[in-house]
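Q: Read off the chains here:
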Amino acid sequence: MTMPNVVLHVADVHKRFGGLHALADIDLQVEEGQTHAIIGPNGAGKSTLLNVIIGKLAPTSGTVVFDGAILTGRKPYEINQLGIARVFQTPEIFSDLSVLHNVMIPALAKRDGAFKLNMLRALDSETGIRAEAQDMLEDVGMTSSRDMAAGSLSRGDKRRMELAMCLIQHPRLLLLDEPTAGMSRHDTNTTIELLKKIKSRGMTKVIIEHDMHVVFSLADKISVLAQGRIIADGTPDQVRGNPKVQEAYLGGTH
Amino acid sequence: MLAMSRNDLLLFLGFTIAVLAMPIWLQPFGAAYPDLLQRFTIYAILAVGFNILFGLTGYLSFGHAAFFGVGSYAAVWSFKLLSMDAIPAMAFAIVVSGIFALLIGYVSLRRSGIYFSILTLAFAQMSYNLAYSVLTPITNGETGLQLDLADPRYLDRAFSAAPAGLPSPTLLGAPLTGYAGFYFCAGFLIIAFFIAQRITGSPFGMMLKGIKSNQTRMNYTGFNTKPYTLAAFVISGMYAGLAGALLAITDPLAGAERMQWTASGEVVLMTILGGAGTLVGPVIGAWLIKYFENIFSAINDSILTRFFAFLPEGADHVAVTIASKFVGEGWFLTLGLVFVLIVVFLPGGIMEGVRRIVGLFNRSGKTPRHTPAQVQPAE
Amino acid sequence: MFEVIFLQFLNGLDKGGAYALIALGLTLVFGTLGVVNFAHGALFMLGAFCAVLFRQLITFETVTIDPTKLSPWGAPLEVRAPLVQTWFGDFGAVLVNYSVPFSILLTIPVMLVIGIALERGIIKHFYKRPHAEQILVTFGLAIVAQEIIKSFFGPNPIPQPMPEGLRGAADIGAWLGMQANVITYPIWRLVYFLFAGVIIGGVFAFLQFTTFGLVVRAGMADRETVGLLGINIDRRFTIMFGLAAVVAGMAGVMYTPLLPPNYHIGMDFLVLSFVVVVVGGMGSLPGAVAAGFLLGILQSFASMTQIKAIVPGIDQIIIYLVAVVILLVRPRGLFGRRGVMEA
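Protein chains in written order, with the working numbering: chain P, 804 to 1057; chain D, 2 to 380; chain H, 684 to 1026.
Bound-form chain P, shown alone:
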């Protein structure tokens, strides 16, 4: 039933909070290598859906399958180790540590797995990991802030660093939760540029977003969520022309 090129399959997911039906009958197939956007007005259930995918919330019914493995009920670190990395709405970073160390930590997680009692080796002698992190920082254009404390970065730079932290793990699936939320125009644009740049790397991406501007220029496929249901599915052009979407979303905000 799962197509060979479908890497993430959200199958028939329902989520109820008490009487509230937050997600109903969600069926979503994300194909390998594509950028799949999930859009919808505030309160449509986007974040709930993301949290179900990432295992933070258990669905009331239904399953989430990633590359043949059921994600439901797994811990966040297990899901990461399967090859899924996540960018948060507000960047989750190690504020007290240097930018370089911020990027080295995920590289170590990729190499050493969920736990390794590696306390005899000096971090300074991890030249491989260090070089990898430096390359990654160069990729995202942050070499100059390498030794700064991450907490002192601008919001846009924090986001860029967080992306670098995810990309260094070479995830098979990258989840982005409103990557430009709360950003200035300038930061939004640099973030979109960066996302476009990494698009060519061929990793699968799921973007949760309510800013249409961001989505139409990035996504291969868009699913529109309204009141906990998927009301439309297709290429950006198909979705743009869909009257239901116009009514539920575009009409409402524009």
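Warning: the hint list may mix true and false statements.
DMTMM-like, lysine to aspartate or glutamate: derived pairs with alpha carbons at most 25 Å apart [unchecked claim]:
1) H:811 to P:895
2) D:227 to P:895
3) D:210 to P:927
4) D:210 to P:929
5) P:859 to P:830
6) P:878 to P:835
7) P:999 to P:935
If you only want the chain P side, here are some residues facing chain D, beta carbon under 7 Å, derived [unchecked claim]:
8) 879
9) 889
10) 895
Some chain P residues well away from chain D (every beta-carbon gap over 10 Å; in silico) [claimed, not checked]:
11) 845
12) 985
13) 992
14) 995
Keep in mind that the hints were calculated from the coordinates and are not lab data. Source: prediction; values computed, not measured. Every residue gets a Cβ at the ideal spot worked out from N, C-alpha and C, and that includes glycine.
Chain P is fixed; fit chains D and H onto it per the hints.
A: Positioned in the frame of chain P, the structure of chains D and H alone reads:
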């Protein structure tokens, strides 16, 4: 594999020299006698170990003294049952306190933040209460566990006849009293510092700092944070066990009051005062507290009267009365006040103060490389 | 058998009352100010020493030497007269006898001032700082308070007499229509239990029926929203801290006849009260009260010789054991809400 960076090596060498030369440079301060020097090193080990947990992971344990006490009991039992030699006593103490820490840590670390603090406090109080009551056969209750002429000491008896009188701890036959005792403890402090330094600079240490900084990110980055914190907890418990054993080696008896929460609080004080999260800070904190405890508790009214004798009649009495509240028995009042002031104005401890002063002089230079170590709970 | 159980149940009530009162203040402060107050036990202790101080003041004596009379040893007779008695006559004697309850009059203003001064002087600077630093600073304050008391009142416990009329035991069994002299219970413990009930009721009524209480409860539920409404929460929170201090102080005053206070009595109670708060659920007022009594009673049962014979030492650790179990199986405590100190 054990290569160290230049800075680390310098720090380690400097520390080693400072510790070994303590009998010399503490002379002018009137603190260069073995008994006090031993306490300096022992409490420094305790604080360095506590810092591996609190300083690196941000988990504030309020029950650390339990491992200290367990270490002492274990060492004394080793003296009683096996031998007066220090090595089996320490090995036994480290193993027992490590197991104890593994059990308590496994349960306590299922929660974080203040719940973790309260869980550790609860476990420590339980241990303390039990040591005073039901466990009297093991702890000898209020009297404390002491050596006895009738102790079997199987290992010692196997090799030699029982000596007359109570024996005292030895190292391969050499007595560990006075300066020998100090250098013995100092050696362990240097080893303990070295290990702490290695841990701090290792990938493992970086993971612990990551846990302190942002546990959510650690989880979503693919780390199972529990074994990391548990490892830090156990290591830190073993440090406390080692310190407890050394205390029993310098003075072979163990009492339950060593496990009381006030003792746990004292370790926290030392670490905060010096600077949590730094390597040298906890050592300085331990030394300062033990030094001033020693000085302040020894001051009495007659010393104060002599000190304030230059004041006019009447004023000197007032000065003595006020000052006497802060010394002698009142030493803890001073300690409490200093502690409050430190937490309010200098939460990074003395090390942060030093950094700020250095920063003032380097204002024109580049921006400081280190961010101030902050006391943060693990959320 | 029923009598034994009932008696143990009663025995737990006074201690439970003290736990409940301390935990109530602790959780009020935590719920409103978001501060983990390790100095709360010290407030209990300060209250207890208000009773000691009050008694020392009113029993201040004048010593006059009456040369006309001789003592049995032939020296001039010293006549000691408490000042209050010379001034107020019989009322003075009543005052001395009932010094403990009367000292509440001293305790309330003193604790209010201490509480407000603490909050304005130090605690308020810690609202936004990490919990670990709050724990540390209040821990330091507790040491300071404790040591100040020690330097003025000495290290030894100072017994406070029960008022004469309230000594002895009440035959509760007979009141309830059971056999006489089977279930007797010290009157003062009964008084303490009723007192705790009244204070707890008062605090709840205050929070339930006044506008002030409404705002505070709203603030406990959602501080930001209330702040957005333009209500000055800060001043109310100062008063809440003062109130919590008064509650702790009164709990301390009335407990003095049951347990002679020394300078570290606060810490002994604090550790237990934290456990009570955690068991009840951080930030839940009914939880604090219920858990206070529950643990007091549990402790009382655990000290029964029959129980101790089965599980030795259980009386020493029962409270901590319950806390550990609760924290592990029900991390939010018995009445804890979601989102309060989630970890």
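Q: Could you run down the list of hints and mark each one as holding or not?
A: Hints, verified against the model:
1. Distance check on the hinted pair: residue 811 of chain H and residue 895 of chain P sit about 20 Å apart at the alpha-carbon level, within 25 Å; holds.
2. Proximity of residue 227 of chain D to residue 895 of chain P is assessed by CA-CA distance (about 19 Å); at most 25 Å being required, the pair is judged to hold.
3. Proximity of residue 210 of chain D to residue 927 of chain P is assessed by CA-CA distance (about 16 Å); at most 25 Å being required, the pair is judged to hold.
4. Taken as a hint, the residue 210 of chain D and residue 929 of chain P pair is honoured in the structure, with Cα atoms around 17 Å apart against an allowance of 25 Å.
5. Distance restraint check for residue 859 of chain P and residue 830 of chain P: the Cα-Cα separation of roughly 19 Å lies within the 25 Å cut-off, and the hinted pair is therefore satisfied.
6. The straight-line distance between the Cα atoms of residue 878 of chain P and residue 835 of chain P is roughly 23 Å, inside the 25 Å bound, and the hint therefore holds.
7. Proposed proximity of residue 999 of chain P and residue 935 of chain P is supported: the alpha carbons are some 21 Å apart, at most 25 Å.
8. Because the beta carbon of residue 879 of chain P sits about 4 Å from the nearest beta carbon in chain D, less than 7 Å, this interface hint is met.
9. Interface restraint check: residue 889 of chain P against chain D, minimum CB-CB distance 5 Å, threshold 7 Å, status holds.
10. Because the beta carbon of residue 895 of chain P sits about 4 Å from the nearest beta carbon in chain D, less than 7 Å, this interface hint is met.
11. Listed as outside the interface, residue 845 of chain P is consistent with that label: its C-beta sits roughly 23 Å from the nearest C-beta of chain D, beyond the 10 Å cut-off.
12. Under the 10 Å C-beta cut-off, the non-interface status given to residue 985 of chain P relative to chain D holds; the minimum distance is some 18 Å.
13. For residue 992 of chain P, the condition that its CB be more than 10 Å from all CB atoms of chain D holds, with the nearest at approximately 26 Å.
14. Every Cβ of chain D is farther than 10 Å from the Cβ of residue 995 of chain P; the closest lies at roughly 23 Å, confirming the non-interface assignment.
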